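Asker: Based on the sequences and whatever the hints tell you, model everything.
Spelled out from the first residue to the last, the chains are:
There are 2 protein chains.
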Amino acid sequence: MLHKLPYTPAIVVDQGILDANIAAMADFAADHNLTLRPHAKTHKIAAIGQKQLAAGSPGLSVATLGEAQYFFDAGITDLFISYPIWPTTADGDVLTRLATDGNLAVGTDSVAAVHQLADVTEQQPGVEIMIELNSGHNRSGVFPDQVVPIAQAVRDRKMVLRGVFTFPGHSYAPGEHTSAAADEAQTLKAAERALQDAGFNVPVLSGGSTPSATATVAGGATEIRPGVYVFGDAQQLELGRIGFENIALTIAATVVSRHEAHGDAPARIIVDAGSKVLANDRAPWATGHGRVLGHPDAHITAVSEHHGTIRWESDELPAIGSRIQVIPNHVCVAVNLVDEVYVVDGTDILEQWQVGARGMNA
Amino acid sequence: MLHKLPYTPAIVVDQGILDANIAAMADFAADHNLTLRPHAKTHKIAAIGQKQLAAGSPGLSVATLGEAQYFFDAGITDLFISYPIWPTTADGDVLTRLATDGNLAVGTDSVAAVHQLADVTEQQPGVEIMIELNSGHNRSGVFPDQVVPIAQAVRDRKMVLRGVFTFPGHSYAPGEHTSAAADEAQTLKAAERALQDAGFNVPVLSGGSTPSATATVAGGATEIRPGVYVFGDAQQLELGRIGFENIALTIAATVVSRHEAHGDAPARIIVDAGSKVLANDRAPWATGHGRVLGHPDAHITAVSEHHGTIRWESDELPAIGSRIQVIPNHVCVAVNLVDEVYVVDGTDILEQWQVGARGMNA
Chain A
1 MLHKLPYTPA IVVDQGILDA NIAAMADFAA DHNLTLRPHA KTHKIAAIGQ
51 KQLAAGSPGL SVATLGEAQY FFDAGITDLF ISYPIWPTTA DGDVLTRLAT
101 DGNLAVGTDS VAAVHQLADV TEQQPGVEIM IELNSGHNRS GVFPDQVVPI
151 AQAVRDRKMV LRGVFTFPGH SYAPGEHTSA AADEAQTLKA AERALQDAGF
201 NVPVLSGGST PSATATVAGG ATEIRPGVYV FGDAQQLELG RIGFENIALT
251 IAATVVSRHE AHGDAPARII VDAGSKVLAN DRAPWATGHG RVLGHPDAHI
301 TAVSEHHGTI RWESDELPAI GSRIQVIPNH VCVAVNLVDE VYVVDGTDIL
351 EQWQVGARGM NA
Chain B
1 MLHKLPYTPA IVVDQGILDA NIAAMADFAA DHNLTLRPHA KTHKIAAIGQ
51 KQLAAGSPGL SVATLGEAQY FFDAGITDLF ISYPIWPTTA DGDVLTRLAT
101 DGNLAVGTDS VAAVHQLADV TEQQPGVEIM IELNSGHNRS GVFPDQVVPI
151 AQAVRDRKMV LRGVFTFPGH SYAPGEHTSA AADEAQTLKA AERALQDAGF
201 NVPVLSGGST PSATATVAGG ATEIRPGVYV FGDAQQLELG RIGFENIALT
251 IAATVVSRHE AHGDAPARII VDAGSKVLAN DRAPWATGHG RVLGHPDAHI
301 TAVSEHHGTI RWESDELPAI GSRIQVIPNH VCVAVNLVDE VYVVDGTDIL
351 EQWQVGARGM NA
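Line by line, the protein sequences are chains A and B.
So in my numbering, spot 161 of the first sequence is number 161, and the numbers just go up one at a time.
So in my numbering, spot 180 of the second sequence is number 180, and the numbers just go up one at a time.
In case anyone wonders, no lab produced these hints; they're calculated from the structure.
Only a predicted model underlies this, so the values are computations on that prediction, with no experimental measurement involved.
We put the CB at the ideal spot given by N, CA and C, even for glycine.
Any given hint could turn out to be false.
Stated by the list, open to error - FRET-style restraints, in silico, Cβ to Cβ:
no., chain 1, residue 1, chain 2, residue 2, range
1, A, Glu260, B, Thr89, 48 to 58 Å
2, B, Pro266, A, Asp297, 35 to 45 Å
3, B, Pro266, A, Arg155, 29 to 39 Å
Said to hold, decoys possible - Away from chain A, derived, C-beta distances all over 12 Å, residues of chain B:
no., residue
4, Asn33
5, Glu128
6, Lys158
7, Asn246
8, Val343
To be verified - Here are a few chain B residues that face chain A, going by a calculated C-beta distance under 8 Å:
no., residue
9, Ala112
10, Ala113
11, Glu238
12, Arg241
13, Ser257
14, Val277
15, Leu293
16, Gln325
17, Asn361
Answerer: Shown next, in the form of structure tokens:
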């Protein structure tokens, strides 16, 4: 398959593994009576969103209004912008369209943003509100004891409160997925109680990163929003949440430089996949900048923009000019660096998918 | 100016500072009798390349064949692909066109790649060869004692040797720019001597990262290839190579979330510039994920894809909904994340430039 690719670096998606990953998370959600609303910022590809809906999801989560427009225009009209947006007047027109012709919710974590949303959409009730909670990640989101004034602003402006959501980002550390899932459940339930005590209905409690989603089993969320699970990546691998057999996405790369140890310089190969396609995400606990398919003891010890430096011990280093498959640490930011991906089935290239929402940061 | 931008996050280039940065490096090169061949992977914008040529450069350095094609088609035909490329047969046709209708050099660090270049271009002598040296960064490149066999392969295949080049990437550490520049000079001169002793002419000795370029003063390179200097970034700032007044590029961002200290969570703002526009480059010595223009004590303490978490002590945190200007750690990877930049002059938006070579990794 690798020799059939017209260029490197190129992103390759294995269709069989992708489909299995989508089915496994859908089965988990169904078994546990959870709504699965996958986060589409991971893939930004309409064809993958359609697969997720076909597997039982009612709609998608997205990070930006641009992503929402892209999926809406591709026919996926049930969307939750799980981000505390601050919309402009022009954004208000788009929100109104998506809410009128589809099913829309947006995130907020302040009274001020509720008023901004109400102002720019002229209090369009179809723009349903989800209040973001801080479940320990200390990013955006309020604590449960801060949630009621925001809900009151929603009511004052005659908007609709759909529920609360949180992202337990502290699940991205070794061994933390279970305690992060517990923090998530506790936070969601505490906010629900506070809101119910103040007279609000809270139909949706939304949580669930990829590491914590399958630890979300009882008493917390009604909805989960994992993203990375469709592809897998080196972070999930090194967190022990998946195996190499679950990796659906790799970056095909050419060995452009190869060196035996010489003087102070170690034996190494250089591939043409650097930070402009792998990105530069590296958690403190990561073993390097990514992994190599078929060579579990290989590690990407350094990246520059167009260079990935790879070392391993047990095997002969591959020949210059040969191609290998690299697994990025964080797949969401890698996909966003290319315009298209190659879909493969074993050794055959089936088709190309455009990364339609690439770069849609606004 | 910020309120005139139709959306955030958006990249903003200050034309006056850009022009001053281009002029200052051109003056330095002229004063020291160095050829300035700026690295265009930083900006990927034809209009900026034209400014660099107007300031006296004969041509540009690029990282990939795709970047070379983009600038060639924009009328900049003197190009050096300063990367050890492994070209496909299709690449050979492009190389031949660029060499026939322009002035082309390409990098290599192996006998095998010289043969590959000769094979796919049918020994097109216009594809001049630059041998890459390792001056201490231990990425691609050979040591001076390994250079002669590669030059012999160039001669055997009737190609033209233009010279040698190196990237002193170890200049990217506090206080290292002077010693890295010395390593660079020593390596270039040692390779020149080895090649001259073996009967080769070596017209060009090329070096110079942005930190080390202006430390390159005597006895080493004949050519420098800095890239970042056009814009500046937080890395250059924290390395002490530039001041805030030299920062030509910022990312306009909206404060979407604002929190006073509460429980375990510190006071912070969240802006809509995360790793999908700032990128995630962070050197071990960096103070955070970027800086804030006008707030020298502010630091981006964390990023996720669409969230930048910012803390500072001395001033009141800005209001939710307000806009600020963020300085990325590494500007080359930030520019590659957007399709267009806004060119401003003080408070006026002058025009938009397409990032024409964005994503051209191959």
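Asker: Now look at each hint and say whether the structure bears it out.
Answerer: Evaluated hints:
no., hint, in the structure
1, Glu260(A) - Thr89(B): 48 to 58 Å, "violated (28 Å)"
2, Pro266(B) - Asp297(A): 35 to 45 Å, "holds (40 Å)"
3, Pro266(B) - Arg155(A): 29 to 39 Å, "holds (30 Å)"
4, Asn33, "holds (29 Å)"
5, Glu128, "holds (19 Å)"
6, Lys158, "holds (21 Å)"
7, Asn246, "holds (22 Å)"
8, Val343, "holds (18 Å)"
9, Ala112, "holds (5 Å)"
10, Ala113, "holds (7 Å)"
11, Glu238, "violated (17 Å)"
12, Arg241, "violated (18 Å)"
13, Ser257, "holds (4 Å)"
14, Val277, "holds (5 Å)"
15, Leu293, "violated (19 Å)"
16, Gln325, "violated (16 Å)"
17, Asn361, "holds (5 Å)"
Of the hints listed earlier, those the structure fails to meet are numbers 1, 11, 12, 15, 16, in rising order.
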